[in-house]
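Participant: Next come the chains, spelled out residue by residue.
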Amino acid sequence: MAAGPMSPQELLLPVRPGFIVFTLITALLCNLLPWSGWAMWLAPDFVALIVLYWCIHEPRKIGFLTAWCLGLLMDIADGSLFGQHAMAYIILAYAGMVLHRRVQRFAMTQQILHVIPLLLLIDLVVLLVRALSGADFPGYAYFLGSLSGAALWPVLTQLLKLPQRPRPDPDRV
Amino acid sequence: MEHTPPPLFRTGPTPLARLMIFAMLSTVLLIADARFNYLSTLRQIIAVIVYPLQRLAAAPAAMGGRIADFFVSHSSLRSDNQRLTGQNLELATAAQRTEALVKENAHLRGLLGAREQVPVPSIAAEILYAARDPFARKVMIDRGLQHDIEAGRPVVDHVGIIGQVTRAYPWLSEVTLITDKGHLVPVLNVRSGLRAVLAGTGDDGKLELRFIPLTADFQIGDKLVTSGIDGIYPPGLPVAEVTQVERNTAYLFAGIACKPLAGVNAGTQVLVLGPLPALPERPVDTPATAPAKKKGKS
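Protein sequences appear in the order of chains R and X. So the first sequence is numbered by the numbering used here: it starts at 90 and just counts up by one. So the second sequence is numbered by the numbering used here: it starts at 676 and just counts up by one.
Just so you know, the hints here were simulated from the structure itself, not pulled from any lab data. It should be emphasised that the depicted structure is a prediction, and the values quoted were computed from it without experimental measurement. We put the beta carbon where it would ideally sit given N, CA and C, even for glycine. Warning: the hint list may mix true and false statements.
[Stated by the list, open to error] Derived CB-CB ranges, DEER-like:
#1 R:GLU147 <-> X:GLU921: 36 to 44 Å
#2 X:SER754 <-> R:ARG256: 22 to 30 Å
#3 X:ASP744 <-> R:LEU102: 51 to 59 Å
#4 X:LEU728 <-> R:GLN247: 44 to 52 Å
#5 X:ALA799 <-> R:VAL244: 38 to 46 Å
#6 R:GLN247 <-> X:ILE720: 33 to 41 Å
#7 X:ASP878 <-> R:GLN199: 34 to 42 Å
#8 R:LEU248 <-> X:LEU927: 55 to 63 Å
#9 R:ILE201 <-> X:ALA737: 32 to 40 Å
#10 R:VAL244 <-> X:ILE904: 48 to 56 Å
#11 X:ARG730 <-> R:PRO259: 41 to 49 Å
#12 R:ARG254 <-> X:ILE720: 38 to 46 Å
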């Protein structure tokens with residue numbers, strides 16, 4: 090039926106809402122770390138990654154409002170234009186919700202191929218918004234964060250799935 | 676009898692409709708912020724919400740610094756001590772000389788009837804983190820409205836100017852660095868006494884002097900200090916050094932590149948200079964040109 094390789098579906102426990110909140114706050118903290126020099130260009134937008142992850146895996150638990158509010162928080166923290174991150178994150182949330190049945194079916198490499206264009210798309214949206222308000226193109230290093238974000242996707246998927254894996258029952262062989 | 680869908684299928688507007696609603700909201704915010712600067716109150720409120728996260732995120736680096744401080748070796752402390760004692764002696768003699776000079780200066784100024792130069796108060800602050808905005812050069816410092824900091828205050832380090840407070844939140848403020856594109860500092864060439872305006876390029880470690888005539892006296896190595904004519908930066912603070920002068924007769928202006936003297940991207944300790952004495956009011960524009968025009972025409 091499907092042409093590409095499919096990942097075997099895992100049976101996972103339901104996600105606790107507290108865990109989602111915890112990951113979102115951790116992502117915010119990662120974004121606020123004092124990055125400098127090349128690390129700043131290379132560091133992915135962790136909030137964008139986590140929003141995309143939860144929109145793909147739990148589209149009923151996280152919605153546009155959460156993504157939008159997180160965007161506003163990031164705008165203040167970065168001192169950027171008010172609404173710029175908010176705009177980017179709701180586009181990610183939409184893409185995640187529309188693609189969530191599709192992306193989960195693919196193996197990791199193909200998932201990354203879905204993630205890269207999405208992250209580059211929101212980079213372009215932000216670039217467009219800033220260009221309209223009179224900023225210069227900051228150079229191609231601007232897109233590095235998205236690529237490193239996509240490279241981080243497999244690690245992130247494994248990490249975020251850990252708490253939902255059922256513990257092996259010692260009574261059963 | 677009405678047929679409403681069972682709760683399982685009631686999902687509200689479609690994702691596309693929701694995307695449109697939120698995109699409209701974001702656009703309204705963007706326009707209100709970029710064009711009209713309406714949202715400062717909303718910014719203040721959200722800033723208070725983000726504040727604990729900002730402090731928390733900056734904590735590990737600060738702690739790392741403190742731990743590194745603790746494990747400083749004995750020899751480096753001794754060499755530091757020796758160097759600082761020497762420096763202290765030098766500075767003490769300089770300070771004595773300065774004291775004499777200040778007195779003499781005050782006396783001369785009194786004789787001339789010139790306005791006294793008021794010392795500028797300052798507030799020490801620490802850089803928490805650089806904003807992750809590739810389009811701008813900004814840093815966040817840990818002092819804000821609660822510490823009497825407001826937008827427009829100049830920020831310096833131990834060498835010279837690093838930037839200017841552009842937004843003050845309750846406990847934090849945002850400093851736009853002099854390397855930010857569109858940031859201007861009025862400067863004075865120490866050697867030749869020429870005034871110019873130094874503009875940021877958005878590129879770390881590069882500033883440029885714009886609209887300088889080809890024949891103007893600028894040389895590589897010239898020091899630029901603030902001229903103080905803007906009423907924002909106090910006069911005489913070091914800003915930059917000329918690194919490259921390009922005189923191409925094909926262009927109207929000379930291309931002069933400079934590098935900032937202060938550690939714009941390094942260092943964590945800064946001083947926010949307090950309110951400057953207000954400049955005298957601008958003279959009212961008298962319609963001096965109108966009669967002249969009439970004269971010329973008739």
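Participant: Indicate, hint by hint, whether the structure satisfies it.
Facilitator: Tested hints:
no. : hint                              : in the structure
1   : R:GLU147 <-> X:GLU921: 36 to 44 Å : violated, 58 Å
2   : X:SER754 <-> R:ARG256: 22 to 30 Å : violated, 57 Å
3   : X:ASP744 <-> R:LEU102: 51 to 59 Å : violated, 45 Å
4   : X:LEU728 <-> R:GLN247: 44 to 52 Å : violated, 26 Å
5   : X:ALA799 <-> R:VAL244: 38 to 46 Å : holds, 41 Å
6   : R:GLN247 <-> X:ILE720: 33 to 41 Å : holds, 37 Å
7   : X:ASP878 <-> R:GLN199: 34 to 42 Å : holds, 39 Å
8   : R:LEU248 <-> X:LEU927: 55 to 63 Å : holds, 58 Å
9   : R:ILE201 <-> X:ALA737: 32 to 40 Å : holds, 35 Å
10  : R:VAL244 <-> X:ILE904: 48 to 56 Å : holds, 55 Å
11  : X:ARG730 <-> R:PRO259: 41 to 49 Å : holds, 43 Å
12  : R:ARG254 <-> X:ILE720: 38 to 46 Å : holds, 40 Å
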